[in-house]
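Undergrad: Residue numbers (this note's numbering), protein chains in the order written: chain A, 3 to 347; chain B, 10 to 399; chain C, 8 to 236; chain D, -15 to 147.
Think of the hints as simulated: they come from the structure by calculation, not from any bench. Check each hint, because a few of them may be wrong.
Stated by the list, open to error - With a straight-line Cα cutoff of 30 Å, these simulated DSSO-like cross-link-like pairs (lysine-lysine) come out:
no.: 1; chain 1: D; residue 1: LYS55; chain 2: B; residue 2: LYS210
no.: 2; chain 1: D; residue 1: LYS118; chain 2: D; residue 2: LYS143
no.: 3; chain 1: D; residue 1: LYS120; chain 2: B; residue 2: LYS326
no.: 4; chain 1: D; residue 1: LYS120; chain 2: D; residue 2: LYS143
no.: 5; chain 1: D; residue 1: LYS(-6); chain 2: C; residue 2: LYS208
no.: 6; chain 1: B; residue 1: LYS82; chain 2: C; residue 2: LYS184
no.: 7; chain 1: B; residue 1: LYS320; chain 2: D; residue 2: LYS143
no.: 8; chain 1: A; residue 1: LYS75; chain 2: A; residue 2: LYS145
no.: 9; chain 1: C; residue 1: LYS198; chain 2: B; residue 2: LYS82
no.: 10; chain 1: A; residue 1: LYS145; chain 2: B; residue 2: LYS60
no.: 11; chain 1: A; residue 1: LYS145; chain 2: A; residue 2: LYS71
no.: 12; chain 1: C; residue 1: LYS184; chain 2: B; residue 2: LYS60
no.: 13; chain 1: B; residue 1: LYS326; chain 2: D; residue 2: LYS(-6)
no.: 14; chain 1: D; residue 1: LYS118; chain 2: B; residue 2: LYS193
What the hints assert, rightly or not - Under 10 Å between C-beta atoms, here's a sample of chain C residues computed to sit facing chain B:
no.: 15; residue: PHE90
no.: 16; residue: GLY115
no.: 17; residue: VAL116
no.: 18; residue: PHE139
no.: 19; residue: GLY160
no.: 20; residue: GLU167
Where is the CB? At the ideal position from N, CA and C, for every residue including glycine.
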Amino acid sequence: MIDPTLAVELAYWQQTAIKTLAVMLVIPAGALILGYVFLMKMMAFMQSRLGPMEAGPGGMLQLVADGAKFIQKEDIFPARADRWVFALAPLVVLISTFLIFIVIPVGPDLVVESLDTGIFFALAVSSLSVIGVLMAGWASANKYSLIGGLRAAGQLIAYELPLVLAVVGVVIQAGTLNMQGIVAAQAEGEIFGLGAIGNPFILTQLIGFFVFLVAVQAELTQPPFDMPVAESEIVGGYQVEYTGFRFLFFFMGEFGTAFAFAAIAAVLFLGGWWVPGFDISDNALNWIGPLVMLAKIMLVAFVIFWVRFSFPRFREDQLQAFAWKFLIPLSLFNILATGILKVVF
Amino acid sequence: MTAVTDREQLAYIAAQAADSRVNVELDTGDMTLNIGPQHPATHGTLRIVAKLDGEQVVSCDPIAGYMHRGYEKLTEVRTYPQVTALVNRIDWLGSFANEVPFILAAEQLMEVEAPPRAQWIRTVLFELARIANISLFLGDMGAQLGAITPVFFAFRDRERVLNQIESATGGRFHPNFDRIGGIKDDLPQGWIDETRSVMTKMRTFCDEMEDLLLGNEIFAARTRGVGVIPGPVAQSYGLSGANLRSSGVDWDLRRDAPSPLVWSELDWKVWTHPDGDSFARFWVRLQEVRESTHMVDQMLDGLPAGPIMAKVPRIIKVPAGEAWVATENPLGEMGYYIVSKGDLVPYRVKIRSASFNNISIVPWVMKGVLVPDIVTILASLYFILGDIDR
Amino acid sequence: MSSSETDEAVEPVEADELRDGLVDAFRAELGDAVVGSHVEPGVDVWIRVTADAWRAAGEFARDRLDCTYFDFLSAIDWMPSPFGRDMDAQEDEASADGDEGAAVMEQGVAGGETRFQLLARVHAPAKGYGLFLKCDVEGDPPTADTWVPVFAGANWHERETAEMFGIDFAGHPNLIKLYLPGAFEGHPLRKDFPLLSRRVKPWPGIVDVEQMPGEDEDEAADAGEGAGS
Amino acid sequence: MAPKLPGLAKGLGVTFRTMFKPNVTVQYPHVKEEPAPRARGVIALHEENCTSCMLCARECPDWCIYIEGHKYLAPPRREGGKPRQKNALDRFDIDFALCMYCGICVEVCPFDALFWSPEYEYSTPHIADLLHDKAKLGEWMETVPEFEPYGTGSEQKVKQVPS
Chain A
3 MIDPTLAVEL
13 AYWQQTAIKT
23 LAVMLVIPAG
33 ALILGYVFLM
43 KMMAFMQSRL
53 GPMEAGPGGM
63 LQLVADGAKF
73 IQKEDIFPAR
83 ADRWVFALAP
93 LVVLISTFLI
103 FIVIPVGPDL
113 VVESLDTGIF
123 FALAVSSLSV
133 IGVLMAGWAS
143 ANKYSLIGGL
153 RAAGQLIAYE
163 LPLVLAVVGV
173 VIQAGTLNMQ
183 GIVAAQAEGE
193 IFGLGAIGNP
203 FILTQLIGFF
213 VFLVAVQAEL
223 TQPPFDMPVA
233 ESEIVGGYQV
243 EYTGFRFLFF
253 FMGEFGTAFA
263 FAAIAAVLFL
273 GGWWVPGFDI
283 SDNALNWIGP
293 LVMLAKIMLV
303 AFVIFWVRFS
313 FPRFREDQLQ
323 AFAWKFLIPL
333 SLFNILATGI
343 LKVVF
Chain B
10 MTAVTDREQL
20 AYIAAQAADS
30 RVNVELDTGD
40 MTLNIGPQHP
50 ATHGTLRIVA
60 KLDGEQVVSC
70 DPIAGYMHRG
80 YEKLTEVRTY
90 PQVTALVNRI
100 DWLGSFANEV
110 PFILAAEQLM
120 EVEAPPRAQW
130 IRTVLFELAR
140 IANISLFLGD
150 MGAQLGAITP
160 VFFAFRDRER
170 VLNQIESATG
180 GRFHPNFDRI
190 GGIKDDLPQG
200 WIDETRSVMT
210 KMRTFCDEME
220 DLLLGNEIFA
230 ARTRGVGVIP
240 GPVAQSYGLS
250 GANLRSSGVD
260 WDLRRDAPSP
270 LVWSELDWKV
280 WTHPDGDSFA
290 RFWVRLQEVR
300 ESTHMVDQML
310 DGLPAGPIMA
320 KVPRIIKVPA
330 GEAWVATENP
340 LGEMGYYIVS
350 KGDLVPYRVK
360 IRSASFNNIS
370 IVPWVMKGVL
380 VPDIVTILAS
390 LYFILGDIDR
Chain C
8 MSSSETDEAV
18 EPVEADELRD
28 GLVDAFRAEL
38 GDAVVGSHVE
48 PGVDVWIRVT
58 ADAWRAAGEF
68 ARDRLDCTYF
78 DFLSAIDWMP
88 SPFGRDMDAQ
98 EDEASADGDE
108 GAAVMEQGVA
118 GGETRFQLLA
128 RVHAPAKGYG
138 LFLKCDVEGD
148 PPTADTWVPV
158 FAGANWHERE
168 TAEMFGIDFA
178 GHPNLIKLYL
188 PGAFEGHPLR
198 KDFPLLSRRV
208 KPWPGIVDVE
218 QMPGEDEDEA
228 ADAGEGAGS
Chain D
-15 MAPKLPGLAK
-5 GLGVTFRTMF
5 KPNVTVQYPH
15 VKEEPAPRAR
25 GVIALHEENC
35 TSCMLCAREC
45 PDWCIYIEGH
55 KYLAPPRREG
65 GKPRQKNALD
75 RFDIDFALCM
85 YCGICVEVCP
95 FDALFWSPEY
105 EYSTPHIADL
115 LHDKAKLGEW
125 METVPEFEPY
135 GTGSEQKVKQ
145 VPS
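Okay, chain A solo, but in the shape it has when bound:
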């Protein structure tokens, strides 16, 4: 396959090497951008503060400085910790984040592997992090982390269902699981004859978008769903015993997953890398695609973090009741409505 940018014949292994390198760079960069723009600056401005200003111009290098700080920290294992499980837990969480990026398209040809079962693969892999969190909770041999791990397990599983069901509505309307196909569907489709801006599924799948965002908020264990890391009760939950670069993995995992889910939401509901006014297979989209994707990701991430800084957190049982009694029925209704409308139109 010709690599459009270099227009030179590349052996398969070279392409995979470049793609893996690209993904390896995207995640830390994405985590840094989200971390800096939202966690540092937007949160500060929302709380009438300035946020970090000393490290680099406007405090941009603050996260880099934090990263360096974490790396040089001592790597402490709790006395009675289960060493291997303790060491592997952050890696499992990080792996699930890396795998999601395989299927996320950024341009007509810019996708690591355009799997036919794209979105299904992404959601399946994203539930890997539950195992990592449970491992961390159990291995730290600390009461607080045990409670945090159990809470996380309960919550992540409870919110997998609405996450998947919200996506089903989109898949029905797009007719395919392949992410590129979903982007194409949103580009060609039109609503009530108005073809110009295509048919971003957010317009027709508003309920799906709402359920998806709420479920993503819970997957990322962010307020109002941050019971597993409720610092005022169980002081950091499963992360409490982690120091040094292992905690860095957790931090990067958290923000990397936020970046990944914002990307999935952008693809599913906001039309991915396609922008009105361009033909779907236009080569120029290979250049501006990533920029469009970045803009849409920042938009979705803004909503995610805006909710994070404004709300108190649910209690454990309210959180579960909200998922099972409200979100799942809502998403089932959404699937039903989409199915009927799909058949009628």
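With chain A fixed as given, assemble chains B, C and D onto it according to the hints.
TA: Chains B, C and D only, in chain A's frame:
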């Protein structure tokens, strides 16, 4: 900094460790979770030993004493001005409000009456201390429930009130401004207008808190019906302040107890709430801060002119006798029982602090709640560690 | 305010019938168990009962005088402290100890005989008055019955009083230390318990302005002493 | 104003509006906030007024003022008069590690030798350096601001700071 040798220090720490094993009879059935003494939810060094059955609390008893400074022993070797300087460190958030009952009790023994201007300024600073104290509670209640933003609003607006206290008394947290027979100094120029603008700022802060938390469905879900304390139980434990008024008991020392301060000359309302749950406690305190801002405005309009210090001998020897004065401090009823034998130093001072009783109800109110509710109820009872341990 | 031993003459200013009524109610209920009382017109009322009528007084106040609000419970140690304020120049120490014997132990309002005296305050929010209850506790260690069945709030107050004064409360469900660490001996609020922080450090206020050569000693010392206390 | 939004939306509205309001951070090392003139930052000693009468050292609750002095014969005011006996101040230390800034010493001094200055930047790496000696306390005298005039309705007379 007492000159305690290292050996004694180590012996003390070893005793502490022994204490934790002996005092708490270990029950292998449930999991015993130690919340504190270093824990974000306990406003300082309170340690709560909670026996959990899963997430359900079987029994929960607070262990105080990590901050015990032995005030009642210290007051036996200090003269009255020295005790005043010492005593506003008990409830370090309601700074000026600690000194007032002690000075009023001493004045009652000496049968001295401060001039009206001093009484008015005392009440203004008393209400400013209440606003500074309770506005931090409003922000902190959000933080305990997971909302990060309200606490920053609280610190931002509370800063202006502390600046006003500092520009009048010299100290932000420990004003040490009250003297037997009056106050130390008069208000500087321009202070009154600046305070009025701060009061309007505090009212917008209360509206923001109402929008951010009070109306919030998640906040209501977390606090309504959580930690319900009925009126009679609250009274038998001696709860006071907003904790008592939110259980439906309409009792406020500012209105009910005769006091030389000027509350009786203002028109203001005592807020009560029938439910007695965490939501009610938050709601009552929010209304009380608004009420205090209106009271301060009225007082600033009606501040009389005149001297600020009555005729009092330089070296104060309080005549023999016993006096008790309690006032409605931000945290609840704080009172001093002074026993004097007529010399420079009080013979015995019993300090009745509000948080001591407010927290003694924790074992009763925490039976069978969930772990997150421990934090909600503790936050809503709103105690200051220095107030419990003295 | 004169600390009259017993309440024989009410101040002629104005009789406080509300508080006198309370004292009479107590006398009617407990008879001669009420051994002393004092009314400060318009301010407060103190009632002293015997140790064995302590709980009955509490129940009576709560049930019939509807003092449902438990304010606090503590104790007073009436023996004057042998250490004084530790602030006089060390060489004055001798003079302070000298007259210690002479410092008679006289109780405050509403009198009392023993060294330790319990002090409790209860309040009637509905009626708007409060009252003080006192009782003398004898024995070694001095014991009194607990108020926990009467007022649940008394639990912590009694634990604190027990560890600070060494007073034992019979019937208290969980009389362990509240503030002090487990291995702490002694009862800090007793007057004969030294305040260590003041004994280890010499007092900087000692006047050590050396006298002029040929100056007589006492005149300078008086100047220093007079100015100070 | 806005229609009765559900509480959640109002909460979001508050945080969104605050994002555009000016923030209150003072970036300390570059920008310094002026403490109130009456703030009790550090104690300044006006040595000429001090007669080492030891009142402040005795009244200090924390025992953190250490004074040593000696008497000497000063020349008589009028020639032929009796030589006057005055106190000279050898040592006047305040240990700010112990001091609790209560202000009793400044108030109790009968000769107005001690003043409050709102200076607060004198932290040191070694706690022993917090023991300010007579010279250091004299240096603080320049930072003592003039006493503020009082508000209306006050009968206090404004004190003067000796230059």
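Undergrad: Confirm or reject each hint.
TA: Do the hints match the structure? See the list:
The straight-line distance between the Cα atoms of LYS55(D) and LYS210(B) is roughly 58 Å, outside the 30 Å bound, and the hint therefore fails. For the proposed pair LYS118(D) and LYS143(D), the alpha carbon gap of about 23 Å is at most 30 Å, so the pair holds. Straight-line distance between C-alpha atoms of LYS120(D) and LYS326(B) comes to about 36 Å, which puts the hinted pair past the 30 Å bound. The suggested pairing of LYS120(D) with LYS143(D) holds, with an alpha-carbon distance near 23 Å, which does not exceed 30 Å.
Restraint check: the Cα-Cα separation between LYS(-6)(D) and LYS208(C) comes to about 60 Å, which exceeds 30 Å; the hinted pair is violated. A hinted pair counts as satisfied when its Cα atoms are at most 30 Å apart, and LYS82(B) with LYS184(C) qualifies at roughly 17 Å. Restraint check for LYS320(B) and LYS143(D): the C-alpha separation of about 20 Å stays at or below 30 Å, so the hint holds. This hinted pair checks out: LYS75(A) and LYS145(A) have alpha carbons roughly 24 Å apart, not beyond 30 Å.
For the suggested pair LYS198(C) and LYS82(B), the alpha carbons sit about 9 Å apart, so the restraint of at most 30 Å is met. The hinted pair formed by LYS145(A) and LYS60(B) meets the criterion: a straight-line CA distance of about 12 Å does not exceed 30 Å. The hinted pair formed by LYS145(A) and LYS71(A) meets the criterion: a straight-line CA distance of about 27 Å does not exceed 30 Å. Between LYS184(C) and LYS60(B) the CA atoms are separated by roughly 20 Å; this keeps the pair inside 30 Å, and the hint holds.
A hinted pair counts as satisfied when its Cα atoms are at most 30 Å apart, and LYS326(B) with LYS(-6)(D) does not qualify at roughly 58 Å. At most 30 Å may separate the alpha-carbon atoms for a hinted pair to count; LYS118(D) and LYS193(B) meet this at roughly 27 Å. Taken as an interface hint, PHE90(C) checks out: its beta carbon lies about 8 Å from the nearest beta carbon of chain B, inside 10 Å. A distance limit of 10 Å between C-beta atoms decides the matter here; for GLY115(C) the minimum to chain B is near 5 Å, and the interface restraint holds.
Here the hint on VAL116(C) is kept, as its CB sits about 5 Å from the closest CB of chain B, short of 10 Å. Because the beta carbon of PHE139(C) sits about 7 Å from the nearest beta carbon in chain B, less than 10 Å, this interface hint is met. Among the interface hints, the one on GLY160(C) holds; its C-beta lies about 4 Å from the nearest C-beta in chain B, closer than the 10 Å criterion. With its C-beta approaching chain B no nearer than about 8 Å, GLU167(C) sits inside the 10 Å limit, and its interface hint holds.
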